[in-house]
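Asker: Spelled out, the chains give:
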Amino acid sequence: MSASYKLLFIGEPGAGKTTCIESLSEISPLVTDVRCTDDLAQVKESTTVAFDYGELSLGDQGRLLLYGLPGQGRFSFMFDVVRENLLGVILLVDAASATAADGLGETLDTYAAAIRELPCVVALNKNDSPPPTLLADCEALLRKHGMVAPILLADARRREDLVRMFRLLFTMIENGAEPIAATGGMAWH
Amino acid sequence: MALTKASKEACETALDELLARCDGVSAVMLAFRDGRPYADRVRDAAARGKFAAMSSSLVALGQSVLRELGGGVLDHVLVEGNDGKFVVASVPGSGGLLVIAVLAQRDARLGLVLGHTKTCALSISTAIT
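Heads up: the protein sequence lines correspond to chains Z and P, in order. For the first sequence, this note's numbering begins at 223 and goes up steadily by one. For the second sequence, this note's numbering begins at 8 and goes up steadily by one.
Treat the hints as calculated values from the structure; they're not laboratory data. The beta carbon of each residue, even a glycine, is placed where N, CA and C say it ideally should be. Check each hint, because a few of them may be wrong.
Said to hold, decoys possible - Cut-off 27 Å, straight-line C-alpha distance, at most; resulting in silico cross-link-like pairs (DSS-like, lysine-lysine): (1) Z:K266 to P:K125; (2) Z:K366 to P:K57; (3) P:K12 to Z:K228.
To be verified - Distance windows between CB atoms, simulated: (4) P:K15 to Z:A318: 18 to 26 Å; (5) Z:R257 to P:L129: 38 to 46 Å; (6) Z:D324 to P:P99: 34 to 42 Å; (7) P:R28 to Z:D324: 42 to 50 Å; (8) Z:T393 to P:L117: 50 to 58 Å; (9) Z:E382 to P:T126: 19 to 27 Å; (10) P:D82 to Z:P354: 25 to 33 Å; (11) P:L76 to Z:R380: 41 to 49 Å; (12) P:K15 to Z:L280: 28 to 36 Å; (13) P:T126 to Z:S226: 39 to 47 Å; (14) Z:G295 to P:T126: 41 to 49 Å; (15) Z:L280 to P:T11: 36 to 44 Å; (16) P:R28 to Z:D350: 28 to 36 Å; (17) Z:G295 to P:G91: 22 to 30 Å.
Stated by the list, open to error - A partial selection of chain Z residues facing chain P, derived with a Cβ cut-off under 7 Å: (18) L252; (19) T254; (20) V256; (21) C258; (22) T269; (23) V271; (24) A272; (25) Y275; (26) R296; (27) S319.
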């Protein structure tokens, strides 16, 4: 049986998690979006309330299972659903939002303790030229939560951008992470 | 459909009736489809947010599973364990806006819990339309 690994996309609502999975998945993605009923409706029509799911072949090395979790803190329990065999995390930021740093802060408040030991890449989405202060804010937020992660620009709709994120993530895994047999996860040293 | 103060009070009355009429029910949550509480009878105030979020996740997952596997329209989702039962369903007539979730103890009779949950959902439907 071929191996399967999980890759997690997290970020504030509207950061691009569902778009990433739709762009990458080789199967029809499972989407659990519903129409928003709160102030978020002014920004986007729908939001994920369970998880998005897609799959990507890694050839002889198995399959990559793509999970996107809801951005709101009230759904943090969903992390337990994807914890096992989690290879790494793509942390998405809506760089076009005036409150991008706040969104990243809320995501880290919710998930930092769970993802701190995992390889992680931060992707600034939706803006090819974000303000320099955003980069500094993101770095400061990562430091505040005891995390180190590369930050790069990416368009969640462009497959080549996502492939670039993957390459970076897998380089990190190959050069510093090793599997934890007991949990099936990876430890980042 | 209108969510007014009067309709919310009617919803809360329906939740109270469910608790009074169905032995073994320990908590009831009426939540928005995107996981926020609307009205509830949950003792632990700190647990309300997560209770509502889990309810909406289960309904969304149940709907997705049925859609993917050709199972039709969701009626309810049942989660049953050693020490309790959890039933969650969409509220008819709410346009998918609301979900109702009922937590019952181990010895509660499943048929009664399901029946009272549906009766309560219909009362809520009447209250908001």
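Asker: Work down the list of hints and note, for each, if the structure agrees.
Answerer: For each hint, the structure was consulted:
no., hint, in the structure
1, Z:K266 to P:K125, "violated (32 Å)"
2, Z:K366 to P:K57, "holds (26 Å)"
3, P:K12 to Z:K228, "violated (45 Å)"
4, P:K15 to Z:A318: 18 to 26 Å, "violated (36 Å)"
5, Z:R257 to P:L129: 38 to 46 Å, "violated (23 Å)"
6, Z:D324 to P:P99: 34 to 42 Å, "holds (38 Å)"
7, P:R28 to Z:D324: 42 to 50 Å, "holds (45 Å)"
8, Z:T393 to P:L117: 50 to 58 Å, "holds (52 Å)"
9, Z:E382 to P:T126: 19 to 27 Å, "violated (55 Å)"
10, P:D82 to Z:P354: 25 to 33 Å, "violated (54 Å)"
11, P:L76 to Z:R380: 41 to 49 Å, "violated (32 Å)"
12, P:K15 to Z:L280: 28 to 36 Å, "violated (51 Å)"
13, P:T126 to Z:S226: 39 to 47 Å, "holds (44 Å)"
14, Z:G295 to P:T126: 41 to 49 Å, "violated (34 Å)"
15, Z:L280 to P:T11: 36 to 44 Å, "violated (54 Å)"
16, P:R28 to Z:D350: 28 to 36 Å, "violated (60 Å)"
17, Z:G295 to P:G91: 22 to 30 Å, "holds (25 Å)"
18, L252, "holds (6 Å)"
19, T254, "holds (4 Å)"
20, V256, "holds (5 Å)"
21, C258, "holds (6 Å)"
22, T269, "holds (6 Å)"
23, V271, "holds (5 Å)"
24, A272, "holds (4 Å)"
25, Y275, "violated (9 Å)"
26, R296, "holds (4 Å)"
27, S319, "violated (19 Å)"
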